[in-house]
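Given these sequences and hints, build the entire structure.
Next come the chains, spelled out residue by residue.
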Amino acid sequence: MDDERLISKKEVLETMGISYGQLYRWKRKGLIPEAWFIRRSTFTGQETFFPRDKILERIGRIVEMKDDHPLDDLAELITTRVNAKLRVALKKLERVGWLDEELLKACWPEEQSEEAVSIWQAFVLGVLSRLRKTARDEEIDLVRRTLEGEQRKGLLERVSENGLRLYLLRKKVSSGGISAQISLVALADAGVIFDPEIEIVEEVELPTVLQRINLDLARGEGTEEAAGEGARPEETGEQEERR
Amino acid sequence: MSEERRSVSISGSGRLGGGEYERVSISGSGRVDGDVIASELRISGSGKVSGRTEVGQVTVSGSGVFGDAVVAEEMRISGSGRVDGPIEAKEFKCSGSFRAGGDVSGDYVKVSGSIRVAGDVEVDIFKASGGFDIDGLLSADKVEIHLGGRCSAREIGGERIVVERGTSFGGPLLEGLVKMLTTRGVAELRTTQIEGDEIRLENTIANIVRGKRVAIGPGCKIDRVEYEESLKVHEDATVDEQTKI
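So the sequences go chain by chain: A and B. Going by my numbering, the first sequence opens with residue 1, and the numbers climb by one from there. Going by my numbering, the second sequence opens with residue 1, and the numbers climb by one from there.
Read the hints as simulated data drawn from the structure, not as lab findings. Check before you lean on any hint, since a few could be wrong.
Once the Cα atoms are required to be at most 27 Å apart in a straight line, the calculated DSS-like pairs of lysine-lysine come out as [to be verified]:
{"hint": "1", "chain 1": "A", "residue 1": "10", "chain 2": "B", "residue 2": "232"}
{"hint": "2", "chain 1": "A", "residue 1": "133", "chain 2": "A", "residue 2": "54"}
{"hint": "3", "chain 1": "B", "residue 1": "127", "chain 2": "B", "residue 2": "90"}
{"hint": "4", "chain 1": "B", "residue 1": "212", "chain 2": "A", "residue 2": "66"}
{"hint": "5", "chain 1": "B", "residue 1": "221", "chain 2": "A", "residue 2": "10"}
{"hint": "6", "chain 1": "A", "residue 1": "9", "chain 2": "A", "residue 2": "27"}
{"hint": "7", "chain 1": "B", "residue 1": "127", "chain 2": "A", "residue 2": "27"}
{"hint": "8", "chain 1": "B", "residue 1": "212", "chain 2": "A", "residue 2": "10"}
{"hint": "9", "chain 1": "B", "residue 1": "110", "chain 2": "A", "residue 2": "27"}
{"hint": "10", "chain 1": "A", "residue 1": "27", "chain 2": "B", "residue 2": "48"}
{"hint": "11", "chain 1": "B", "residue 1": "142", "chain 2": "B", "residue 2": "110"}
{"hint": "12", "chain 1": "A", "residue 1": "9", "chain 2": "B", "residue 2": "221"}
{"hint": "13", "chain 1": "A", "residue 1": "9", "chain 2": "B", "residue 2": "142"}
{"hint": "14", "chain 1": "B", "residue 1": "232", "chain 2": "A", "residue 2": "29"}
{"hint": "15", "chain 1": "A", "residue 1": "27", "chain 2": "B", "residue 2": "244"}
{"hint": "16", "chain 1": "B", "residue 1": "232", "chain 2": "A", "residue 2": "54"}
{"hint": "17", "chain 1": "A", "residue 1": "153", "chain 2": "A", "residue 2": "172"}
{"hint": "18", "chain 1": "B", "residue 1": "212", "chain 2": "B", "residue 2": "110"}
{"hint": "19", "chain 1": "A", "residue 1": "29", "chain 2": "B", "residue 2": "127"}
{"hint": "20", "chain 1": "A", "residue 1": "10", "chain 2": "B", "residue 2": "110"}
{"hint": "21", "chain 1": "B", "residue 1": "48", "chain 2": "A", "residue 2": "10"}
{"hint": "22", "chain 1": "A", "residue 1": "29", "chain 2": "B", "residue 2": "90"}
{"hint": "23", "chain 1": "A", "residue 1": "29", "chain 2": "B", "residue 2": "212"}
{"hint": "24", "chain 1": "B", "residue 1": "244", "chain 2": "B", "residue 2": "221"}
{"hint": "25", "chain 1": "A", "residue 1": "66", "chain 2": "B", "residue 2": "142"}
{"hint": "26", "chain 1": "B", "residue 1": "93", "chain 2": "A", "residue 2": "9"}
{"hint": "27", "chain 1": "A", "residue 1": "91", "chain 2": "A", "residue 2": "27"}
{"hint": "28", "chain 1": "A", "residue 1": "29", "chain 2": "B", "residue 2": "110"}
{"hint": "29", "chain 1": "A", "residue 1": "27", "chain 2": "B", "residue 2": "142"}
{"hint": "30", "chain 1": "A", "residue 1": "66", "chain 2": "B", "residue 2": "90"}
{"hint": "31", "chain 1": "B", "residue 1": "244", "chain 2": "A", "residue 2": "9"}
Pairwise CB distance ranges, derived in the manner of DEER restraints [what the hints assert, rightly or not]:
{"hint": "32", "chain 1": "B", "residue 1": "34", "chain 2": "A", "residue 2": "188", "range": "46 to 52 Å"}
{"hint": "33", "chain 1": "B", "residue 1": "34", "chain 2": "A", "residue 2": "34", "range": "29 to 35 Å"}
{"hint": "34", "chain 1": "B", "residue 1": "39", "chain 2": "A", "residue 2": "191", "range": "51 to 57 Å"}
Covered stretches of chain B, as calculated for chain A (at least 3 residues, CB under 8 Å) [stated by the list, open to error]:
{"hint": "35", "stretch": "63–73"}
{"hint": "36", "stretch": "193–200"}
Note that the Cβ used here is the ideal one computed from N, Cα and C, for glycine as well.
So this is what it looks like as structure tokens:
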């Protein structure tokens, strides 16, 4: 983390094709965290640097989304500032294919009568639903327990600030004619390296899951359903966003 | 559902507990102990709020002191004002003198008097015709400064940054005389760094100016200019180093 690569402000503007005005505006609106502005003196005087991967990813996302959303809303969406009070209707989860009765039951056996779940629950479901095809039951459970264990340590906030990923890994161990496979779960930055004998079964970009929830699923109080029941899941959210 | 909020007015000398009000007006000498929420707060005498101020419209024409943050739709200072906490005001206008102990943020700031800010000023539009002293960053989409006194900010950044000499009315000789006689000091802007897409400067002293289209006008002393598209340097300006990026 400490020696992550830096990029100068000039290079950011050039690489992303944005202007000073935009950069200052986005900082002002809270789209780029203050902490990312790193001042260094160089031979030409003061210069501002940024953590390279983070700033490029963030600006890419702002550029992509800025035409469809008012700038003031964008901060909440992009920084995936987590509003714990928001709830996600199960219907919506169903529509994006995240709702799996079995998963839901496995995760929260008592709460299945409700029509909505919390952001956290939606997040866990979102992650698990991406693993469902490839992961075994006990692996799903391992992932769930890993996430739950981190919940209180502010996992959601960390996900929104760093580009955390979840890796489901398997490794074969054999000796004396007996071989076994062990499963591992890791939460790491995108640059993580595993030894060559480890098989990456699944890799989930956590910010994407969270963003999806914030953008498509949890917007607006009392989330009105979009008219077209048969709308394709991929598009439902966006239609609601545009005004 | 909401119970009716009352309006209070202190016209002699008085104290008021914090709380929710419709209108608070202080025309003598008054003090609010605690946080105040109101749709309007007028201080025309001398007033002090010890806590946080969350008011639609704040008007200070006498002397007003705010011990904590101020959140307002509109804040106008025509006398003297001081806010010790951060200020968040959609519209902030100061024609008197003003000190802010923290950051100032909002949509629009207009200074025709003089302000001193210990933090950053980050707004959409910043217009000044008086003097200012900003310890931190001054950032706005549009920064328009008509130098009317000593102006300084640690850094300035935005889309369009224009600094012009104040309206002079009698040619350089008279202007020099005015400078000598007024206590406002030299009408110039000092900063370490200016970054913007369109930058037009006069009477500005800066270490570095970075921009897309840059015009360095008379009275400027700039150590280094980095520009992308165009650079104009007036003959009465000094630019030590210039680079096209």
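Structure-based check of all given hints:
1. 10(A) to 232(B): Since the Cα atoms of residue 10(A) and residue 232(B) sit roughly 21 Å apart, the hinted pair holds (cutoff 27 Å).
2. 133(A) to 54(A): The hint is violated at about 30 Å.
3. 127(B) to 90(B): Holds: residue 127(B) and residue 90(B) sit about 14 Å apart, inside 27 Å.
4. 212(B) to 66(A): holds, 22 Å
5. 221(B) to 10(A): Holds: residue 221(B) and residue 10(A) sit about 23 Å apart, inside 27 Å.
6. 9(A) to 27(A): holds, 13 Å
7. 127(B) to 27(A): holds, 20 Å
8. 212(B) to 10(A): holds, 11 Å
9. 110(B) to 27(A): holds, 21 Å
10. 27(A) to 48(B): violated, 33 Å
11. 142(B) to 110(B): OK: residue 142(B) and residue 110(B) at ~12 Å, within 27 Å.
12. 9(A) to 221(B): holds, 24 Å
13. 9(A) to 142(B): holds, 20 Å
14. 232(B) to 29(A): violated, 32 Å
15. 27(A) to 244(B): holds, 26 Å
16. 232(B) to 54(A): violated, 36 Å
17. 153(A) to 172(A): violated, 31 Å
18. 212(B) to 110(B): Roughly 26 Å separates the two Cα atoms, so the pair holds.
19. 29(A) to 127(B): The hint holds at about 19 Å.
20. 10(A) to 110(B): violated, 30 Å
21. 48(B) to 10(A): Given that 27 Å is the threshold and the Cα spacing comes to 46 Å, the pair is violated.
22. 29(A) to 90(B): Distance of about 14 Å is within 27 Å: holds.
23. 29(A) to 212(B): Measuring from Cα to Cα gives roughly 22 Å; hence the hint holds.
24. 244(B) to 221(B): With Cα atoms ~18 Å apart, residue 244(B) and residue 221(B) stay inside 27 Å; holds.
25. 66(A) to 142(B): Between residue 66(A) and residue 142(B) the Cα gap is close to 20 Å, so the pair holds against 27 Å.
26. 93(B) to 9(A): With Cα atoms ~32 Å apart, residue 93(B) and residue 9(A) exceed 27 Å; violated.
27. 91(A) to 27(A): Violated. Residue 91(A) to residue 27(A) sits at ~36 Å, over the 27 Å cutoff.
28. 29(A) to 110(B): holds, 20 Å
29. 27(A) to 142(B): holds, 15 Å
30. 66(A) to 90(B): Holds: residue 66(A) and residue 90(B) sit about 22 Å apart, inside 27 Å.
31. 244(B) to 9(A): Satisfied, since the Cα-Cα distance of roughly 16 Å is no more than 27 Å.
32. 34(B) to 188(A): 46 to 52 Å: Once the Cβ atoms are compared, 48 Å apart, the range 46 to 52 Å for residue 188(A) and residue 34(B) holds.
33. 34(B) to 34(A): 29 to 35 Å: Since residue 34(B) and residue 34(A) have Cβ atoms about 30 Å apart, the given range 29 to 35 Å holds.
34. 39(B) to 191(A): 51 to 57 Å: holds, 52 Å
35. 63–73: violated (count 0)
36. 193–200: With 4 residues in contact (Cβ-Cβ under 8 Å with chain A), the coverage given for the stretch 193–200 of chain B holds.
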